[in-house]
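One line per chain: the protein sequences are A and B, in this order. For the first sequence, our numbering begins at 1 and goes up steadily by one. For the second sequence, our numbering begins at 1 and goes up steadily by one.
Calculated directly from the structure, the hints in this document are not laboratory data. Even glycine gets a Cβ: it sits at the ideal position worked out from N, Cα and C. Mixed in with the good hints, there may be bad ones.
Lysine-lysine pairs mimicking PhoX-like chemistry, simulated, CA-CA at most 25 angstroms apart [said to hold, decoys possible]:
#, chain 1, residue 1, chain 2, residue 2
1, B, K57, B, K15
2, A, K41, B, K131
3, B, K143, B, K129
4, A, K198, A, K225
5, B, K131, B, K143
6, B, K57, B, K107
7, B, K29, A, K68
8, A, K41, B, K129
9, B, K131, B, K107
Pairwise CB distance ranges, derived in the manner of DEER restraints [claimed, not checked]:
#, chain 1, residue 1, chain 2, residue 2, range
10, B, S195, A, S207, 54 to 64 angstroms
11, A, S18, B, Y37, 45 to 55 angstroms
12, A, R201, B, K172, 51 to 61 angstroms
13, B, A46, A, R251, 28 to 38 angstroms
14, A, T145, B, L38, 55 to 65 angstroms
15, B, P74, A, Q250, 55 to 65 angstroms
16, B, P74, A, L249, 15 to 25 angstroms
17, B, A46, A, S244, 52 to 62 angstroms
18, B, L180, A, S244, 52 to 62 angstroms
19, A, L249, B, P24, 50 to 60 angstroms
20, A, D162, B, P24, 52 to 62 angstroms
21, A, E239, B, S195, 34 to 44 angstroms
22, B, Q82, A, Q6, 32 to 42 angstroms
23, B, S185, A, Q6, 14 to 24 angstroms
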Amino acid sequence: MPVPRQYHSEALTLRKFSLGEADLIVTFYTRDNGKLRAVAKGARKNSSRLVGHLEPLTQVSLSLAHGKNLDVVTQAQVMSNFPPLKDNLESITKGLYLAELVDGFGSEDQPNPALYNLALDTLHAIAKDPDSDLPLRYFEFRLLTVSGLTPELYHCVECRRDVEPGAHRFSPNVGGVICLECNPEEARIRPLSIRALKVLRFFHRGSPAQARQLRMDAALAQELKTLLASAVSFWLEKEIRSNSLIEHLQRPPQTSV
Amino acid sequence: MTTDSIPSASPTLTKLIGELNKLPGVGPKSAQRLAYYLIRLPEADAYALADAITAVKQSVVFCQECQNLTDSSPCSICADSQRSRDLICVVEDPLDVLALERTRCFKGLYHVLHGALSPLNGVGPDQLKIKELLSRMADGQVKELVIATNPTLEGEATAMYIRRNLDRGELKITHLARGLPVGGSLEYADELTLSRAFQGRQEL
């Protein structure tokens, strides 16, 4: 049976690039087909029916046509802008960080509805509480889980013995906690406090709503941020570019004029 | 296919094709067509193009005031004594200045950022002319700053960043109205555009 020329999909818009005079190449993460790059013809013109519907961090309903190289967006309708996500600079930068990670971990033609739902759920949580870093920390951990890369949190990844409280370290490239006796070759080992381990285990077992109610001090928040960022960038095999703007905004303000 | 792999009797022509291929939106085939067009061009026209490229690289500079591209600094707009000096319009690109000048309804000065915040592409505040804007505003002479960045996610984020860094009581910060384009259609407008069009509705 021939493949139909037109198809529909529900997607999250991740990023867009200009193409030629008035076209766009848009990267989506679709619920049914995984990552998808498609051309939106004429979408940069003010008179285009697509204008406004293809902004990054928008959940859209799409109609597409199979193309020779890239598929073509024929219709787009906004389903959610995650209000008030786009009214706040912190939530926009955090949303773009999420988009970079979904772009990096998502694969074309490999649907992962769990990743799609996690991204939507996290964008709603960021919009609700733009100043909290917890939605992003939970997202980073669950991103590893839904990608089949859950870190080992209960047994030493080398000797498989249960880790004893306080006697553990973490290695993103070996894949989880390591006891004090083991020193695998080429393991990039980081210290891991008992409090951070407990939070990671809570992320592993708890629901999103429970995890986002956690309260933590600045030292613990920083430890988790460094640890999860190192795990995520190890699997991505590159630096996460959008992180620099989040850090820039979190620095103490310079003297204003 | 790269132009390096094209067998050619003329390395000079291959080099020209290679250089044209570096231009945005010009693929290898288009680069070949352009190169053969340039060869057939009358000598005077071809040299005029080469001279224009040389001149633009030698004489175009950033205006010390507004950071627009100009032959002499300050540029003709900043040097115009008829223009209001307490009103500055912030735009993303030099082409936006041309678009706004065509309207003939803005009589203040400009500030060109040369882009918008785009963390996914590694463009942060330090890559834009934001520091220059902040130091331009330091003497407190400007009464109103009109932010005319594009109504995209990156443009909005840039506007928010500037507002945050210039938040002082006596300065009025505005941005261009958001809403429906002339010739547009309500049916196809997105919900954000429609809600902002409602917020900015005007009495008839």
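Results of checking the hints against the structure:
1. K57(B) to K15(B): With a Cα-Cα distance of about 20 angstroms, the restraint between K57(B) and K15(B) holds, given a limit of 25 angstroms.
2. K41(A) to K131(B): Judged against 25 angstroms, a Cα distance of about 36 angstroms means the pair is violated.
3. K143(B) to K129(B): Holds. K143(B) to K129(B) sits at ~20 angstroms (cutoff 25 angstroms).
4. K198(A) to K225(A): holds (15 angstroms)
5. K131(B) to K143(B): Holds - the C-alpha atoms of K143(B) and K131(B) are around 19 angstroms apart, at most 25 angstroms.
6. K57(B) to K107(B): violated (30 angstroms)
7. K29(B) to K68(A): Holds. K29(B) to K68(A) sits at ~18 angstroms (cutoff 25 angstroms).
8. K41(A) to K129(B): Violated - the C-alpha atoms of K129(B) and K41(A) are around 31 angstroms apart, more than 25 angstroms.
9. K131(B) to K107(B): Distance ~24 angstroms between K131(B) and K107(B) Cα, so the pair holds.
10. S195(B) to S207(A): 54 to 64 angstroms: With a Cβ separation near 32 angstroms, S195(B) and S207(A) fall outside 54 to 64 angstroms, so the hint is violated.
11. S18(A) to Y37(B): 45 to 55 angstroms: Since S18(A) and Y37(B) have Cβ atoms about 25 angstroms apart, the given range 45 to 55 angstroms is violated.
12. R201(A) to K172(B): 51 to 61 angstroms: Given range 51 to 61 angstroms: holds, Cβ gap about 52 angstroms.
13. A46(B) to R251(A): 28 to 38 angstroms: Roughly 52 angstroms apart at Cβ, these two residues miss the hinted range, so it is violated.
14. T145(A) to L38(B): 55 to 65 angstroms: holds (57 angstroms)
15. P74(B) to Q250(A): 55 to 65 angstroms: violated (37 angstroms)
16. P74(B) to L249(A): 15 to 25 angstroms: violated (33 angstroms)
17. A46(B) to S244(A): 52 to 62 angstroms: About 45 angstroms separates the Cβ atoms of A46(B) and S244(A), which means 52 to 62 angstroms is violated.
18. L180(B) to S244(A): 52 to 62 angstroms: For S244(A) against L180(B), whose Cβ atoms are near 36 angstroms apart, the range 52 to 62 angstroms is violated.
19. L249(A) to P24(B): 50 to 60 angstroms: With a Cβ separation near 31 angstroms, L249(A) and P24(B) fall outside 50 to 60 angstroms, so the hint is violated.
20. D162(A) to P24(B): 52 to 62 angstroms: holds (58 angstroms)
21. E239(A) to S195(B): 34 to 44 angstroms: Taking Cβ atoms as reference, E239(A) and S195(B) lie about 37 angstroms apart, which means the hint holds.
22. Q82(B) to Q6(A): 32 to 42 angstroms: violated (56 angstroms)
23. S185(B) to Q6(A): 14 to 24 angstroms: holds (22 angstroms)
In summary, the numbered hints that this structure violates are 2, 6, 8, 10, 11, 13, 15, 16, 17, 18, 19 and 22.
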